[in-house]
Amino acid sequence: MSADFSRARADFPALHQTVNGRPLVYLDNAATTHKPRAVIDALVHYYEHDNSNVHRGLHALSMRSTDSFEAARARAAQFLNAADPAEIIFTRGTTEGINLVAQSWGPAHLKAGDIILATEMEHHSNLVPWQRLAARTGATLRLVPVAGDDAEHGLDLDALDRLLTPQVKLFAFTHISNTLGTINPAAELCARARKVGALTVVDAAQSAGHEPLDVRALGCDFLAFSGHKMAGPTGIGVLYGRRALLDALDPWQTGGGMVASVTYEGAQWKPSPERFEAGTPNIADAVALHTAMDYLDTLGRPALAVHDHALALEARAALAGIPGVRVLGPRAGQPRAGLVSFALKDAHAHDVVTFADQDGIALRGGHHCNQPLMKKLGLPSTVRASFYLYNTADDIAVLTASLRRIVKFFGGG
Amino acid sequence: MSDLTDLYQSVILDHNKRPRNRGRLPAATRVATGDNPTCGDNCTVYLRLDGDRIAAISFEGQGCAISQASASLMTTQLKGKTAAEAAAAFADFKDIVTTGRQPEEFSETAAFAGVHAFPARIKCATLGWHAALEALKQPDQPSPS
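Protein chains in written order, with our numbering: chain A, 1 to 413; chain B, 1 to 145.
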């Protein structure tokens, strides 16, 4: 029995509206979640009371801003069970975090003959930076295959054994697939990579807001997530990196705030995290992300995970009963994160999304920033329903009723 | 979903289910592909010109009902036209899908006027047309087959 968060639904102002005359059923949470009142209030409060630049001023507002910003960093470290707040770098989001690693770590540590390993289920943001890094350094990018006609078997772990050679310097993989709902065995993948001396980069965009994360238990070297996919604001995210690694890395952007001393001839860098935060950071959104983390932990991330996973299993079972539906990712009853991606035999994903929108349902249709995987599975696009704490079994009922009408209209079933 | 079913009825029941001129044109001398990177839809248009007129035209691709039906209809309307006439026909079509006005002469294009109520889908309706106009700008190539 999953936890009941139905009272938390009242905390999210944007959920309480009608779309095309129907109550909004928001099922696009893997793209971005809605924000609770507390997070919106934190943003407003910051701008109305504390607004000032950080780390520079000696006046009251600047000190309050600095304290709030650094408190958010300490909270993020606690959220991930990191050893030290200096291991938390604020970014714009997951994409920027991964690009930071690719640009700061990559060129100094890779040479021709080295291998970067990723997987076939990566979001473009955890694939394209590595393609570009490989092209720049002469390293080779290899991918762990995804197994099964519907990708139902997840990553091919036998192939991983063959691919993880001592030439692999870095293994980047997603914790939860935004396209399939597959939950990868992140701790096991990190342990296997460590055996060959490869660093690990975990894309936690789809997991950070949905389940407990412990970077020390995972044993990862880097981990990135986005605030806006976990009830926080857009434009703020976190890159975790092990302290020893970060202090040995060059900055990726330079300017104010990240330098220890500057002469007309050159500059010396501050240690992490300031080294990687050139310019005025996104203070307000970091402060509001702090509130989002508090909000999630008050509800309890273990309970959130149970809730989201249970809804996805229920949706998967309901969808399988609709004629012509092909569901990707884990089979019925198998563990699955809080989303279901599927295709209808007779209706294209965009037509489905437009029709569902008329019923007030927000879905995502497309390639989910995963064009190569779609091509491999022989699909131009899929429809994705993704769940969060405020979704209920009623939402699944509205979705399945709408899909049945769509299938009938397009001549299936 | 009445506006939507009105829009889709005529479109789907006809051109999407039974597309005209679909498939590769073996004697094509011009080929162009239009992509919609945000949704992954694509449409390739094959043309063969006789003098300055389109003697044969076909399309293939993957996409939603609106994009596929629109490409199908486009092939029926562009056959026999010059590049300038094709550009004028596209300007007319684009105006219809963006404003919702009815075409001056009754034609199947009228079905697409409903697209204007769904702005996110206008790019679907124009995908095949863009590919055709791109192909018309190219010089003739030797037939690929």
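Mixed in with the good hints, there may be bad ones.
Said to hold, decoys possible - Keeping only pairs whose Cα atoms sit at most 16 Å apart, straight-line, the calculated EDC-like set for lysine to aspartate or glutamate is:
1) A:Lys-376 with A:Glu-188
2) A:Lys-375 with B:Asp-35
3) B:Lys-81 with B:Asp-35
4) B:Lys-137 with B:Asp-6
5) B:Lys-137 with B:Glu-85
6) B:Lys-17 with A:Asp-150
As the list claims (entries may be wrong) - Simulated coverage check for chain B against chain A, where a stretch passes if three residues somewhere in it have a Cβ under 8 Å from a Cβ of chain A:
7) 29-41
8) 118-127
Everything labelled a hint here was simulated from the structure, so no lab data went into it. Built from N, CA and C at the ideal position, the CB exists for glycine as well.
Check your understanding: Can you give the numbers of the hints that this structure goes against, from lowest to highest?
Key -> Per hint list: 1, 3, 4, 6 violated.
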